[in-house]
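There are 2 protein chains.
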Amino acid sequence: MPNTPDDQQRIDAIRFLAVDAVQKANSGHPGLPLGAAAMAYTLWTRHLKFNAAHSDWFDRDRFVLSAGHGSMLLYALLYLTGYALTLDDLEHFRQLGSKTPGHPELHHTPGVEVTTGPLGQGFGNAVGLAIAEAQLAATYNRAQTIVDHYTYCIASDGDLMEGVSNEASSLAGHLRLGKLIVLYDDNKVSLAAGTDVTFTEDVCARYQALQWHVQEVTGDSGNDVAAIDAAITAAKGDPRPSFIAVRTVLGFGSPKAGTFGAHGEPLGADNVKKTKETLGWPTEPPFYVPDDVLAWWRAAGKRGASREDEWHRTYEQWKNANPVLAAQLQRIRDERLPERLSWPTFDAQNGSVATREAGGTVMNAIASDMPELVGGSADLDPSTKTYLKGCGDFGPDDYAGRNVHYGVREHAMGAITNGLSVHSGIVPFTATFFNFLDYMKPAVRLAAINKSKAIFVFTHDSVFLGEDGPTHQPIEQLASLRSMPNMTTIRPADALETLEAWKFALAHGGPTALVLSRQKVPFLGARDAAVARGAYVLHDPQERPELVLIATGSEVSLALDAAKLLAGRGTPARVVSMPSMELFVQQDEAYRESVLPVALRARVSVEAASTFGWARFVGERGLAIGIDHFGTSAPAAAIAQAFDFTPEAVAQKAAGLLTGALA
Amino acid sequence: MPNTPDDQQRIDAIRFLAVDAVQKANSGHPGLPLGAAAMAYTLWTRHLKFNAAHSDWFDRDRFVLSAGHGSMLLYALLYLTGYALTLDDLEHFRQLGSKTPGHPELHHTPGVEVTTGPLGQGFGNAVGLAIAEAQLAATYNRAQTIVDHYTYCIASDGDLMEGVSNEASSLAGHLRLGKLIVLYDDNKVSLAAGTDVTFTEDVCARYQALQWHVQEVTGDSGNDVAAIDAAITAAKGDPRPSFIAVRTVLGFGSPKAGTFGAHGEPLGADNVKKTKETLGWPTEPPFYVPDDVLAWWRAAGKRGASREDEWHRTYEQWKNANPVLAAQLQRIRDERLPERLSWPTFDAQNGSVATREAGGTVMNAIASDMPELVGGSADLDPSTKTYLKGCGDFGPDDYAGRNVHYGVREHAMGAITNGLSVHSGIVPFTATFFNFLDYMKPAVRLAAINKSKAIFVFTHDSVFLGEDGPTHQPIEQLASLRSMPNMTTIRPADALETLEAWKFALAHGGPTALVLSRQKVPFLGARDAAVARGAYVLHDPQERPELVLIATGSEVSLALDAAKLLAGRGTPARVVSMPSMELFVQQDEAYRESVLPVALRARVSVEAASTFGWARFVGERGLAIGIDHFGTSAPAAAIAQAFDFTPEAVAQKAAGLLTGALA
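Chains A and B supply the protein sequences, listed in that same order. Just so you know, the first sequence maps onto residues 1 to 663 in the numbering used here. Just so you know, the second sequence maps onto residues 1 to 663 in the numbering used here.
Because the hints were derived from the structure by calculation, they are not lab data. Quick caveat, the model's predicted, so the values are computed rather than measured. All C-beta atoms in this analysis are idealised placements derived from N, C-alpha and C, irrespective of residue type, glycine included. Keep in mind that a hint or two might mislead.
[As the list claims (entries may be wrong)] If you want the ones that stay clear, here's a sample from chain B, every Cβ over 10 Å from chain A, calculated:
(1) 141
(2) 269
(3) 347
(4) 367
(5) 537
(6) 658
[What the hints assert, rightly or not] Listed below are the simulated BS3-like cross-link pairs for lysine-lysine, each with C-alpha atoms no more than 30 Å apart in a straight line:
(7) 188(B) x 389(A)
(8) 389(B) x 188(A)
(9) 520(A) x 24(B)
(10) 389(A) x 451(A)
(11) 520(B) x 24(A)
One chain only, chain A, in its complex shape:
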């Protein structure tokens, strides 16, 4: 069915705002907005539940532009529907300080749900948002339904080539996330070439194999509003997640249409003119939207207001009927912790405990106090100890379940976690072996960019995991995390530091990585374990110390043992536990000086990882004891001997430094 002229004008308004903004910036991606404008129009004006005036309405439908390079499509929609984005903002697309950066950024532009751009991530985020919706709906809906929204996603060829989207899709199909609807901008072109040179699989058949409801819209170059509308309606009616492949033309209407030249660079002034002529749009002025078209769009942006009002009325009824539950949800939405948390206590009676074990104890102790704590592991919870006992398994049989079985899909776990985190209502956690941080690094980085509250648990944190060998033993992963902006990395030394690390993570607004041991570590004594200050003096000799041993995690007890040996040999040493470099460098100078006095020049760090980054703390005359090579397969004790991670070897090296330092 051909579109009405009105439809066409409204669609073209999106197109030319995008094209003009890219042209003005002389940078950006015009191809996607030209090709996908009709599907976006159909979705946003006929299906998406939103109120542009209140971008934080709790039960709004979520929209994720996974193909974040097409950001001008989204910015055009936000401007047209009346979000807090002006024409001036569009005119400053991709300029310093503007609200319209190259890729959509959370907290930066009203109406942007999550930061997208690295391909495949947004798809995973959308799965996370859909999991959040299902989990919250099952948890909170009673006689009144207060959580009931769809999650929509526009994904590109690039998104679907990335492995992370397949991981997320396999899980979404398994979980029967029926309120997740993905529109595939099937334009057969990527940045460097047509997809015929590399991507000829049957995408729809793959999605069928992944247990999705699959539809194809093939007519009219992706412009058939009625067909797209019907497909979205059918998708909503199916209990499975839905995949709608819309056959589009990249750069539709432009002289470069259907070529990779239309993907990632401005069309050029001439081609902009020709495109406007082809589609019957006034060639001047740029950023032109006819008044009646803008008025229509603005009205569309307000259409959700009555639904929002109705939702608020329902919410009040629900709140009155369920005051305790309502207070709980309000607390969680306000990002406040419960007033009381049943923290466990650890003392010497616990004996030696692996920090992964201590972490599991903490999580399970507070789990019932914190229903917002939802997460899981990548097929490793018997090892990571992160299973929340008695909290159910999330899935079609129990959407209120709080343990998500991610399968061996670390990357999707990370991307889904970002979706869970930005939804509101959930504080997500993940768990895997520390070395497999690498598999999920792109998602962890986006958590840091988003400043998402999310807790990334990494266990088996060093070569001392033992026999699995170098492919499983982290070396450079601590440096990888510590050098990442906005990320707080904590490697606790014993059960008490693990408890303090969890306290920090839950109180902290951004992402936290907890790096935990596989092996048992001794309890280091009752004390003020100042984890939130990053480092503290754990042991000071009676005499004035000549050197300081700085250690993290499982190497703190090793440093204490080395200090004992040194003391016996007349060399008093301070021992500093430094669970978090990042937190320590944020302390004031007085505190830092009290822990690591500049005058105390002989400093030794002890950490079973790359020494990269330690010079900052041990100084030029200091010594960083670490492992600057890959690990080896052997029992942990044999590795400690082979790699010189014994009290004797550490004491000798430290003493050697001192001799040199004082010489």
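We have chain A; now place chain B onto it with these hints.
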């Protein structure tokens, strides 16, 4: 068809070597060897072309155990067939210094083709080996066929859940790699649970969608040798890559069969005994193999010898008929560079050139000299400038093509590159934006563990890529690479350093990462750009310098400009270009002292990236100028202003340090 008793004994010999080794080590994974022994037996004794005496026979079939945790399956096969692996080696499974580490390691155990263990990687490696075979066959076969082998892979549920395997499989199907045959150990159990809790997709249908030839072997718990044999035969006959799903039982024969308890821990002495009783194997002694069974296996291990002899005869004929080609292949297999390489020259006349552009010039200049240079980008070659002009596109239309179109599949690109690298005959390269290192990090790490010769080109190496914004701007990626053992990271400052970086990479035996700019950088003058020494003095003032500016990449010219400003203000400064930290720290102390004299205490580093790791070079009194936050979307020049990466800002900060340092 039931197996013969002989078949059964030979299969059980694999099983119990594995079970006993895991039990003795009290660590490891008995479940996979028990379940997959029959398919391994069938493959190794009826199909695999190998000669245990010569594990380096060029045209052997390649076998990859992607599910590397089942390493004892492979070690049992290697021992039984007579590779250089003794019973004593098996008895020292997972012990320090043994030839039988927890996961298979290249260069460590004769017969292991590639290091596997992190799930999904081996699958990608197998695709790489199959690409190598196809590329070399098309390049070298003439009247005689000297390259003609299959690549086999055993993959687990975990391998198939990981996104990297889907990426690699999508590409393999597209490329019609008919000599790639994957056996799927379909045991329905992973580490933490049955696959029913997370992995219920129709895997076979997915592989059909990915354009593979798909077969299922469902009978007799995966023990039906005749059925497996027939499936492999059919697979060889099909022009597509083949996927054979063999329905097995994890931990077959043991009391834990079919449960996740059989996956990753020893069965326990009692269960070992019961398993042996169930399968009719003598319970004592451990590591028992009946003499006749061992003799049969050893004969099987020699069966390929006559085929190898025949191959050598063919090779001689080919060599005589094609002496130039033969000399070329011999050179490449010996890992020698051509005696003459047509290096380009760069001088001031080239003007300002982006180092990505210079890199492309170098690659294209030497491409015809080095037919072993094969690789491509993840859908970015117009931007990474890594396309080898006139060298063809690898694919069904031209398997001799040297440009591989990886699609938006960075992770598979990395894993495939590891396969290309270990095959012999190819020096692979990859290319993508530096930030997307994160997507391929697990594979890059395995290249480092393998010490593979591979060149990882990363362009768009800093915030100065501009408008794409923080999701595309690397910050912590340099720290991530520099902290990785065995990896050499080079960030050249101009075209000449880029040339020297390529010279180093091609001469170097291990992996190299080349980190290149999007933006133009000035030519820094004719000089001995000592890239292979990691750092060198680029500019020294006539007067004795009071400070040194150390910079890398595009910030070197910035440092020079700052030094000019400082000189005009009476503060002479040395400028050191440090393209590679790793190479610099390997130099002797005299050289390091000549570049960065200890007496010269005021040191400033300038690098548009995380400052993490720079304290080692600037010292405690020094200053690391960097970017310890995420980037922003804006034109590069605006970012430079906003982030204080201007000559004036650098000069001011350096002068400030000097004042402080001398105070």
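Going through the hints against the structure:
{"no.": "1", "hint": "141", "in the structure": "holds, 25 Å"}
{"no.": "2", "hint": "269", "in the structure": "holds, 18 Å"}
{"no.": "3", "hint": "347", "in the structure": "holds, 30 Å"}
{"no.": "4", "hint": "367", "in the structure": "holds, 18 Å"}
{"no.": "5", "hint": "537", "in the structure": "holds, 20 Å"}
{"no.": "6", "hint": "658", "in the structure": "holds, 18 Å"}
{"no.": "7", "hint": "188(B) x 389(A)", "in the structure": "holds, 24 Å"}
{"no.": "8", "hint": "389(B) x 188(A)", "in the structure": "holds, 24 Å"}
{"no.": "9", "hint": "520(A) x 24(B)", "in the structure": "holds, 22 Å"}
{"no.": "10", "hint": "389(A) x 451(A)", "in the structure": "holds, 29 Å"}
{"no.": "11", "hint": "520(B) x 24(A)", "in the structure": "holds, 22 Å"}
Hint compliance for this structure: no hint is broken.
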